[in-house]
Amino acid sequence: TQLLEQSPQFLSIQEGENLTVYCNSSSVFSSLQWYRQEPGEGPVLLVTVVTGGEVKKLKRLTFQFGDARKDSSLHITAAQPGDTGLYLCAGVDGGANSKLTFGKGITLSVRP
Amino acid sequence: DARVTQTPRHKVTEMGQEVTMRCQPILGHNTVFWYRQTMMQGLELLAYFRNRAPLDDSGMPKDRFSAEMPDATLATLKIQPSEPRDSAVYFCASGLSQTGHPGNTIYFGEGSWLTVV
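Chains as they are written, first to last, in our numbering: chain A, 1 to 112; chain B, 1 to 117.
Because the hints were derived from the structure by calculation, they are not lab data. Quick caveat: nothing in here was measured; it's all calculated off a predicted structure. This list has only true hints and no planted wrong ones.
Among the chain B residues that face chain A by a calculated CB cut under 7 Å, a handful are:
#	residue
1	42
2	43
3	91
4	105
5	108
6	109
7	110
8	111
Each residue gets a CB set at the ideal place from its N, CA and C atoms; glycine is no exception.
Taking the hints into account, I'd like the entire structure generated from these sequences.
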């Protein structure tokens, strides 16, 4: 079983601060995805990273895939209250069935 | 606006009762997933289908859970008999083959919130 560990589990910051959260595994993934989930809703895909070392930016969010394709980070610049939510990473195995395994998530609260 | 539709949104039932959750995937999507989410375990994959055939149900307790796709527009997850430890949010998601490819997004429904008392 491929496990994804996300850290920290909980994070509460002030609006305008920067933050970085992590997704780590001992397994290699063919790609890795980040989702955001808001209360009462399903997760929504933010980004997919595929190549080791790849960096993708989505407005104030920067995602990086580790060189060995085992870990990833998410950096948010100048956090806003609208960034509040549960951030999930999910690893895709390289098999034909492309199974998606999720971490437990990081609960982020951005205070106005 | 295409979306995954799940019913019921909320269900409270007594222990021992049968529970059936339904999912209508996005039209044209050939891969359907069932996930369960709890505070303790996070999102756990229960089962998934491609072209209506079950690919992996290793995460599903076989003695009481069953998942089927009677046709391309309907996926069902059944629990019989239900137990309090089954209380969770059950999500259905759909997508195209090669999940995890940047061009292929999986879309989640809003979930079925199950409470077994």
